[in-house]
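**Student:** Work out the full structure: start from the sequences and follow the hints.
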Amino acid sequence: MSGEKMKLEPEHEMMLAGEAGKALARAMITLVEYGKAFGAKRMMPIKSSHLAGTFGIKVFKAYLHILNQLVEEGVRCKVLTTVNPRPGYDLHIGNKFVFAKQKILETLLADLGVVPNYSCVCYDRVNTPELGDCISWAESSAVQYANSVLGARTNRNSILIDICSAVTGYTPEFGYLLDENRRGRVLVKLKIDEMDASGLGFLIGKKVVDKVPVIENYNFSKIELKNMGGAMAASGGVALFHVEGITPEAPDLASVFDGDPKEVITITQNDIDALRFKDLDTATSVVFGCPQMTYEETMLLGQHFAGKKTKLPTWFCMVPEASKRFEGSELYTKVVEAGVKVVDFCPLAGFSLRIGNKKLLTPSGKLYYYLSDTVYGAVKDCLKACGV
Amino acid sequence: MTLLKGRPVFGGLASGPALVTKLPMNFTASFTKPKNIFPWWRSQIQDRHHDLFKRNVKGCVLIFPAAIGSTYTGMVLLELMYQECAPAAVVVQNIDPLLVSGPVLADIWFSKGIPIVEYSGEDIYDRISDDDWVEVNGETGKIKIREQISS
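Which chain is which? The protein sequence lines are H and S, in order.
Just so we're aligned: 375 in this note's numbering is position 373 of the first sequence, and the numbers increase by one with no gaps anywhere.
Just so we're aligned: 178 in this note's numbering is position 149 of the second sequence, and the numbers increase by one with no gaps anywhere.
Honestly, the hints are just simulated from the structure, not real lab data.
In this text the structure is predicted, and so the values were computed from the model without any measurement.
Take these hints with a grain of salt, some might be off.
Mimicking DSS-like on lysine-lysine, the simulated pairs with C-alpha atoms at most 25 angstroms apart in a straight line are [to be verified]:
{"id": "1", "chain 1": "H", "residue 1": "Lys103", "chain 2": "S", "residue 2": "Lys141"}
{"id": "2", "chain 1": "H", "residue 1": "Lys361", "chain 2": "S", "residue 2": "Lys62"}
{"id": "3", "chain 1": "H", "residue 1": "Lys360", "chain 2": "S", "residue 2": "Lys83"}
{"id": "4", "chain 1": "H", "residue 1": "Lys60", "chain 2": "S", "residue 2": "Lys51"}
{"id": "5", "chain 1": "H", "residue 1": "Lys63", "chain 2": "S", "residue 2": "Lys62"}
{"id": "6", "chain 1": "H", "residue 1": "Lys98", "chain 2": "H", "residue 2": "Lys361"}
{"id": "7", "chain 1": "H", "residue 1": "Lys63", "chain 2": "S", "residue 2": "Lys83"}
{"id": "8", "chain 1": "S", "residue 1": "Lys62", "chain 2": "H", "residue 2": "Lys105"}
{"id": "9", "chain 1": "H", "residue 1": "Lys224", "chain 2": "H", "residue 2": "Lys386"}
{"id": "10", "chain 1": "S", "residue 1": "Lys171", "chain 2": "H", "residue 2": "Lys63"}
{"id": "11", "chain 1": "H", "residue 1": "Lys310", "chain 2": "H", "residue 2": "Lys326"}
{"id": "12", "chain 1": "H", "residue 1": "Lys60", "chain 2": "S", "residue 2": "Lys87"}
{"id": "13", "chain 1": "H", "residue 1": "Lys60", "chain 2": "S", "residue 2": "Lys83"}
{"id": "14", "chain 1": "H", "residue 1": "Lys208", "chain 2": "S", "residue 2": "Lys62"}
{"id": "15", "chain 1": "H", "residue 1": "Lys7", "chain 2": "S", "residue 2": "Lys171"}
{"id": "16", "chain 1": "H", "residue 1": "Lys98", "chain 2": "S", "residue 2": "Lys64"}
{"id": "17", "chain 1": "H", "residue 1": "Lys360", "chain 2": "S", "residue 2": "Lys64"}
{"id": "18", "chain 1": "H", "residue 1": "Lys60", "chain 2": "S", "residue 2": "Lys62"}
{"id": "19", "chain 1": "S", "residue 1": "Lys51", "chain 2": "H", "residue 2": "Lys361"}
{"id": "20", "chain 1": "S", "residue 1": "Lys141", "chain 2": "H", "residue 2": "Lys60"}
{"id": "21", "chain 1": "H", "residue 1": "Lys209", "chain 2": "S", "residue 2": "Lys64"}
{"id": "22", "chain 1": "H", "residue 1": "Lys80", "chain 2": "H", "residue 2": "Lys9"}
{"id": "23", "chain 1": "S", "residue 1": "Lys141", "chain 2": "H", "residue 2": "Lys24"}
{"id": "24", "chain 1": "S", "residue 1": "Lys64", "chain 2": "H", "residue 2": "Lys103"}
{"id": "25", "chain 1": "S", "residue 1": "Lys62", "chain 2": "H", "residue 2": "Lys98"}
{"id": "26", "chain 1": "H", "residue 1": "Lys213", "chain 2": "S", "residue 2": "Lys51"}
{"id": "27", "chain 1": "S", "residue 1": "Lys87", "chain 2": "H", "residue 2": "Lys63"}
{"id": "28", "chain 1": "S", "residue 1": "Lys83", "chain 2": "H", "residue 2": "Lys361"}
{"id": "29", "chain 1": "S", "residue 1": "Lys64", "chain 2": "H", "residue 2": "Lys105"}
{"id": "30", "chain 1": "S", "residue 1": "Lys51", "chain 2": "H", "residue 2": "Lys264"}
{"id": "31", "chain 1": "S", "residue 1": "Lys141", "chain 2": "H", "residue 2": "Lys63"}
{"id": "32", "chain 1": "H", "residue 1": "Lys360", "chain 2": "S", "residue 2": "Lys171"}
{"id": "33", "chain 1": "S", "residue 1": "Lys34", "chain 2": "H", "residue 2": "Lys208"}
{"id": "34", "chain 1": "S", "residue 1": "Lys141", "chain 2": "S", "residue 2": "Lys62"}
{"id": "35", "chain 1": "S", "residue 1": "Lys62", "chain 2": "H", "residue 2": "Lys103"}
{"id": "36", "chain 1": "H", "residue 1": "Lys7", "chain 2": "S", "residue 2": "Lys34"}
{"id": "37", "chain 1": "H", "residue 1": "Lys208", "chain 2": "S", "residue 2": "Lys83"}
**Tutor:** What follows is the structure, given as structure tokens:
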């Protein structure tokens, strides 16, 4: 095996020796072996964790076995640990079948001591790391935002690696935890007349796969950065991107690149337009919110629906806490009167199983990538399809 | 017979028929679709964006450039190994944390891991074709290829 040498502290050795129980020992061994594969030299203490495994999928058995072992031994999260959205268990009978283990899973997560935020946008108010913080997160869109927009440091950790980190309080040091891997690799030039951040993210992910892209200066909003990052982490394996003059580790091109960019790509308006679905009339529903919509995002988008009626079944998938705040606003009543369904589950899980709704239209590059029978539209295309 | 030397990443010795793709693999998109619920389609790739769409990975040696996509990857791979319908081994041009977690978790929690070898050379695609018999050693990094005899 590669990179045999990892320096371990007495606390790690104690855990490995099983002094804090068998399950915790296995969690630590997992992190050590995981780190060794990438030549990690030491374990780093983490400020927080974020877990992606929140769907109690009937056929996934190994995950619950591991959680059970931890809970039976009374293991609890050692750091602030948030969790991803719920899957929309109550949406229809099919989901109740697919997510049959939802209640068992949520009980296990509660026993581990997680914060029940149930959102992939955990960095909105609940789990917001700062520049330079070492964290161990799962959920590709959250990892992307934490690394790129907040300047915290995490690898793209898998489900279960996230839990091993949460319960031990450590992550092996490699990859995006190290300065040298956070430098830009590909310069992305834009020839775009009308910004569509999510579509742009989808295209960048396809082109750079897992390299660190640096997008030339454009004043993206936080909402755009969230949606662009989510798409980039789905169509590619991007864990960190920079925007010249906007994101914290890219004050200018000279400092974010180590010398000249290794590669330069250009994304044009034509590239983005080619992604957009043209036969809007044939769409059967419209889904917004993947990653979930924040309060601010909903207040902006909701305006378009006020005083109108949507032509198609339309869904706003929101951060649960933001959705509660939104329910208290005047706009909420108007949006609901327009026929929009405001929900707080994950559309990717919730709409995986659907019958007779074959052309789901979405402005989310991430949802478009993952969900079968889905077409992509810029936000304005989606609003047009809704007739608002 | 061809012998290649890659970088050993994880696991022991395994072999199987090659399944080769030049496209990055999105394991979440491949194995978490409604069809994958059914045991006979559990290990059939359901990612419609991929050229291995509808191919079955069970028992094969999967050869691909990189893993992409969601952080479900480790759990998806772990589950394939736990249910014994995973590839026999993987040879990948660039390892990444999501890919490695699956076999590591399967090995430590259930003793069901599979070998991973990293082989970055582009010549991998000239040396190995679909259905060649490939043996992968996760401890030494050795990849043995017995080419299919074409009739």
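**Student:** For every hint, state whether the structure bears it out.
**Tutor:** Structure-based check of each hint:
no.: 1; hint: Lys103/H x Lys141/S; in the structure: 23 angstroms, holds
no.: 2; hint: Lys361/H x Lys62/S; in the structure: 17 angstroms, holds
no.: 3; hint: Lys360/H x Lys83/S; in the structure: 20 angstroms, holds
no.: 4; hint: Lys60/H x Lys51/S; in the structure: 32 angstroms, violated
no.: 5; hint: Lys63/H x Lys62/S; in the structure: 16 angstroms, holds
no.: 6; hint: Lys98/H x Lys361/H; in the structure: 23 angstroms, holds
no.: 7; hint: Lys63/H x Lys83/S; in the structure: 23 angstroms, holds
no.: 8; hint: Lys62/S x Lys105/H; in the structure: 21 angstroms, holds
no.: 9; hint: Lys224/H x Lys386/H; in the structure: 24 angstroms, holds
no.: 10; hint: Lys171/S x Lys63/H; in the structure: 33 angstroms, violated
no.: 11; hint: Lys310/H x Lys326/H; in the structure: 23 angstroms, holds
no.: 12; hint: Lys60/H x Lys87/S; in the structure: 20 angstroms, holds
no.: 13; hint: Lys60/H x Lys83/S; in the structure: 22 angstroms, holds
no.: 14; hint: Lys208/H x Lys62/S; in the structure: 21 angstroms, holds
no.: 15; hint: Lys7/H x Lys171/S; in the structure: 22 angstroms, holds
no.: 16; hint: Lys98/H x Lys64/S; in the structure: 16 angstroms, holds
no.: 17; hint: Lys360/H x Lys64/S; in the structure: 16 angstroms, holds
no.: 18; hint: Lys60/H x Lys62/S; in the structure: 13 angstroms, holds
no.: 19; hint: Lys51/S x Lys361/H; in the structure: 29 angstroms, violated
no.: 20; hint: Lys141/S x Lys60/H; in the structure: 21 angstroms, holds
no.: 21; hint: Lys209/H x Lys64/S; in the structure: 29 angstroms, violated
no.: 22; hint: Lys80/H x Lys9/H; in the structure: 21 angstroms, holds
no.: 23; hint: Lys141/S x Lys24/H; in the structure: 18 angstroms, holds
no.: 24; hint: Lys64/S x Lys103/H; in the structure: 18 angstroms, holds
no.: 25; hint: Lys62/S x Lys98/H; in the structure: 16 angstroms, holds
no.: 26; hint: Lys213/H x Lys51/S; in the structure: 17 angstroms, holds
no.: 27; hint: Lys87/S x Lys63/H; in the structure: 18 angstroms, holds
no.: 28; hint: Lys83/S x Lys361/H; in the structure: 21 angstroms, holds
no.: 29; hint: Lys64/S x Lys105/H; in the structure: 23 angstroms, holds
no.: 30; hint: Lys51/S x Lys264/H; in the structure: 22 angstroms, holds
no.: 31; hint: Lys141/S x Lys63/H; in the structure: 14 angstroms, holds
no.: 32; hint: Lys360/H x Lys171/S; in the structure: 47 angstroms, violated
no.: 33; hint: Lys34/S x Lys208/H; in the structure: 29 angstroms, violated
no.: 34; hint: Lys141/S x Lys62/S; in the structure: 24 angstroms, holds
no.: 35; hint: Lys62/S x Lys103/H; in the structure: 17 angstroms, holds
no.: 36; hint: Lys7/H x Lys34/S; in the structure: 22 angstroms, holds
no.: 37; hint: Lys208/H x Lys83/S; in the structure: 21 angstroms, holds
Going down the numbered hints, you'll see the structure goes against 4, 10, 19, 21, 32, 33, while the others check out.
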